[in-house]
Each structure stands twice: as C-alpha cells, then as structure tokens.
Amino acid sequence: MTALADPGARLEIDWTRCDGHGLCAALLPDRITRDEWGFPVIDGRPVPHADEKAVRRAVTVCPALALRLTKP
Amino acid sequence: MSAATDVRPVSSAADTWTIGAPRLLAGLDALPSLNLAAHTAIHGAPPAMDRDRLLTLLDASRLSGRGGAGFPLASKLRALHGTHLRVIVNGSESEPASFKDRTLLRRTPHLVLDGAVAVAAALQAREVVVAVHDAAAHESVRRAISERPGRGSIRLVRRDGRFVGGEARALVRGIDGGPTVPPGRREHPGLTGNLVSNAETFAQAAILLRRGARGFAETGTHDEPGTVLLTIGGGVARPGVVEAPIGTPLGILLTAAQAAPATAVVAGGYHGSWIHPFPDIRVSRAGLAAAGGSLGAGVLYVVDDATCGLGELAQVTGWLAAQSAKQCGPCRFGLPALAADVAALAAGQPAALSQAFAHARAVDGRGACSHPDGAVRFASSGLHVLQDEIDAHRRGGCGRRVLGRLPITGGSR
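Chains as they are written, first to last, in our numbering: chain A, 71 to 142; chain B, 30 to 442.
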C-alpha cells in the first residue's frame with residue numbers, strides 16, 4: 071500500500087479484556103482519557119506513523135492485553 | 030380507538046391475527062400447529078434451488094434479516110467464508126416483548142426448517158443448526174425434525190442464556206460448546222462460515238422460494254416487499270403476533286389491536302426506540318427510521334395513558350442493565366448508572382436528566398457487542414419522548430402507577 075493511500079492505524083480496545091488499569095491513559099494522555107469508572111476513552115483519530123512507536127509501547131504494557139493497534 | 034378494558038400481556042398462548050392475506054401464519058387460524066402433512070397441504074413442497082438462483086431471488090426481493098439488525102440476507106450469503114459452511118437458525122428470542130420467532134417455531138416449525146434447509150442446500154452447507162432457548166419451541170422443532178425425510182442434516186440445540194446469549198457470535202460460541210457471551214473481537218460470523226439468521230428470516234425465505242420474487246412483492250412497499258411479523262402488546266386489548274404487509278400504517282395496527290390512548294409506542298424492542306404514536310407512521314424499516322425509531326425485531330408495544338410511562342422506562346432500563354454479560358466495563362458499570370438515573374428521574378429528581386444523558390454517552394459504542402448501544406438507544410429515546418412525563422414527575426408525580434405494560438419477564442430461558 072502506498073503512503074498516500076494509507077489511512078493510518080487505529081487504536082482498539084477489547085472490552086472483554088480491559089480491566090481499567092489505566093496504564094494506556096498514563097502513557098498516552100493526549101489520546102486516551104478515563105471515564106468515571108476508570109475505563110479508557112480513546113479518541114477516534116488514526117495513529118500517524120510518527121506516533122506509532124509510543125502507541126506500540128502502550129499496547130505492549132497493557133496488563134490485560136486489551137489494547138490493540140489495528141491496520142486497515 | 031376503544032379503551033383497553035382487558036389489557037393482557039402477550040402470553041405463551043399468544044393469539045395470532047393478520048392484516049391482509051396470511052403467508053407465514055397461513056393455517057394457524059384453524060389449527061394450533063402444523064405438522065408436516067398440514068404444512069405441505071397449505072404451503073406445498075419447497076422448490077430446490079442452486080446458489081445463483083437463490084441469490085437472484087434474494088436480491089430481487091431485498092429480503093433482510095428480521096431479527097433486529099436488518100442486514101440483507103443476500104449480503105450475508107456472499108460474506109460467507111470457508112468450505113465448511115453451517116446454516117444456523119437463531120431461535121433464541123430472549124426478549125420478553127417479542128414472541129414472533131417462538132410462535133413460528135412452536136406452531137409452524139416446518140416453514141422455518143424449509144427455509145433453512147433450502148438455503149443450506151443451495152450453499153452446499155454441511156449442516157443446519159436450530160438454536161432455541163425455549164422448552165416449547167424445542168419440543169415442537171424436535172417433533173418436526175423427526176417427521177422430515179432429511180432429518181439427519183438438522184441439529185437442534187437448546188442453550189440457556191440471557192438476552193445477549195442470542196447475539197449471533199455469542200450463539201455460535203454456545204453451539205460450539207463455549208460460553209454464550211459475545212467474543213471480544215468484532216468479527217462477523219460469516220468469516221467463520223456461519224450463516225446466522227433468526228426464525229422469521231428463514232420462514233420468509235421459504236415463502237419467497239415458493240412464490241418467486243414477483244409473487245413475494247405482491248404486498249409490502251417497493252423497497253421492502255412482503256409481509257412482516259410483529260409482536261403487538263402493552264396497552265392493547267388484542268395483543269398478539271401479527272402478520273401485516275410491510276408499510277401498514279401504525280394507526281391501522283393500533284386500531285386493530287384495540288389500543289388504549291397511547292402516550293408512546295416502543296418500536297423494535299428493548300434495543301429499539303420509543304416513538305410518538307403518530308398514526309400515519311409506516312411500519313417498515315424506512316418508515317420507522319423516518320419517525321426516529323426502528324423496526325428492529327418487529328415489536329410494537331403501546332404505553333398508554335393509564336400507566337406511568339417514566340416508571341415503565343425505568344423498569345426496562347433496569348432490566349437491560351441486569352442483562353449485561355458483565356464482560357465489558359462501560360456496560361457493566363454504565364448501564365446500572367443509567368438505570369439509576371432514570372429511576373431517580375421517576376422519583377422526581379430533575380438533576381438526574383442531564384446525568385442520564387451523560388451516562389448514555391459514556392456507554393454508547395463501548396462494548397464487545399451492541400447490547401450497550403441498544404440499551405442506550407432505548408433509554409435515550411424514552412427520555413426524549415417522555416418530556417411531559419418528566420415535567421410531571423418534577424412537579425410531584427404523574428399520579429399513575431406502573432402497570433407493567435412493558436414486560437420484563439417471559440423471555441425464554
């Protein structure tokens with residue numbers, strides 16, 4: 071796929087796994103906030119290539135393996 | 030409209046009635062249920078069909094799923110992947126307000142089986158699985174399968190399960206021996222070779238195969254040909270499972286059901302919407318969508334002016350919260366919070382209104398299945414339609430009791 075056609079990767083949460091630990095929100099405060107019960111609220115923005123490293127780190131440290139970066 | 034003097038919930042002995050000529054319900058005015066001989070005498074033998082011809086028919090008739098989501102059946106067929114295909118009849122219908130699929134399975138099971146078997150043959154699927162929650166439906170389908178020559182290719186499973194157990198992917202997991210809860214990934218069941226649709230959809234397919242696209246379109250609207258099965262209940266004197274041409278005006282259905290003067294109508298079911306009961310609303314997918322509702326699973330329940338509408342809303346919202354599989358945090362914590370807000374509104378606390386909408390937004394779209402989305406749609410639409418009632422409760426109450434027009438028991442187990 072060419073760079074032009076690349077719509078970017080997206081963050082997704084597997085809600086059956088997420089326990090609201092909050093590490094993702096701590097690592098990516100400008101992308102992820104937490105609701106009143108502590109569960110992550112992700113904005114729908116695609117993840118540009120430049121941010122992918124930081125986002126992947128958050129994906130890796132999620133203790134519940136609930137965070138995913140999906141490419142279309 | 031006459032007042033509902035004898036308002037009964039739709040029961041297991043649900044009446045059936047029709048507007049226009051019956052198709053799915055043909056014969057049920059005279060017989061309690063149709064065995065194979067009666068079924069064949071009324072409907073004739075189903076024509077065999079290959080995949081191409083079936084798809085042509087489905088495209089021409091625009092037959093869409095009648096379980097709630099309304100996805101075109103032809104698209105579901107085309108989305109199937111793999112070589113080990115299964116056709117799954119979703120007969121779970123775990124919603125207390127809906128009775129149409131259970132009525133078909135209990136009273137005219139061969140029509141449902143005909144549709145499923147014909148689709149399976151056209152797809153060269155390995156088996157047909159009929160999944161039910163309900164004991165009477167299970168017994169009826171078991172007896173029907175034993176009457177049929179091709180019985181070996183039909184498997185009947187009964188899974189207990191709550192409301193979300195009927196969700197297509199949860200159902201497939203249950204059939205395969207797993208837990209009847211939705212999986213974490215939003216993956217279409219077609220990708221694993223499973224064609225899942227509800228009982229009415231297969232019964233409609235059986236009618237379509239016999240009548241052809243032209244015959245099928247002799248009633249209904251241009252874009253949505255055919256008839257639809259509705260469960261009509263609540264504040265009506267004549268509740269029942271009703272077959273009517275798609276596009277029949279709401280006013281005609283409510284008059285025929287002898288509805289009491291209505292405050293609102295719950296359309297589509299408990300994942301559907303509250304709407305104002307305007308009589309000229311067309312009961313079709315397009316017509317109800319234009320009125321801010323949805324056809325959903327074909328539920329039309331009247332909330333009449335004798336009951337406390339806000340209390341009815343609070344009761345069902347509480348039930349929906351209790352139906353969460355409690356897998357996903359926003360649904361597990363958010364739906365009870367939303368239900369508490371609606372209950373507080375009914376108790377006359379006006380500040381709960383903005384809180385209810387905030388909690389609704391916090392839950393919407395944040396789960397593995399569409400249960401939170403559907404519950405939020407139900408609650409939010411109710412709060413919009415019941416503004417006068419909310420005002421009355423703010424001023425000290427509406428003076429009416431909750432009569433239970435919207436049932437919260439009687440979903441099949």
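Treat the hints as calculated values from the structure; they're not laboratory data.
Just so you know, not all the hints are guaranteed correct.
Stated by the list, open to error - Which stretches of chain A does chain B cover? Using the computed rule of at least three CB atoms under 8 angstroms from a CB of chain B, they are: (1) 96–107; (2) 126–132.
Said to hold, decoys possible - Short derived list, chain A residues pointing at chain B, Cβ under 10 angstroms: (3) Glu82; (4) Asp84; (5) Trp85; (6) Val111; (7) His119; (8) Ala136; (9) Leu139.
From the three backbone atoms N, C-alpha and C, an ideal C-beta is built for every residue, glycine too.
Here's how the hints hold up against the structure:
no., hint, verdict
1, 96–107, "holds (count 3)"
2, 126–132, "violated (count 0)"
3, Glu82, "holds (9 angstroms)"
4, Asp84, "holds (4 angstroms)"
5, Trp85, "holds (3 angstroms)"
6, Val111, "holds (8 angstroms)"
7, His119, "violated (25 angstroms)"
8, Ala136, "holds (8 angstroms)"
9, Leu139, "violated (14 angstroms)"
Comparing the model with each numbered hint stated earlier shows that hints 2, 7, 9 do not hold.
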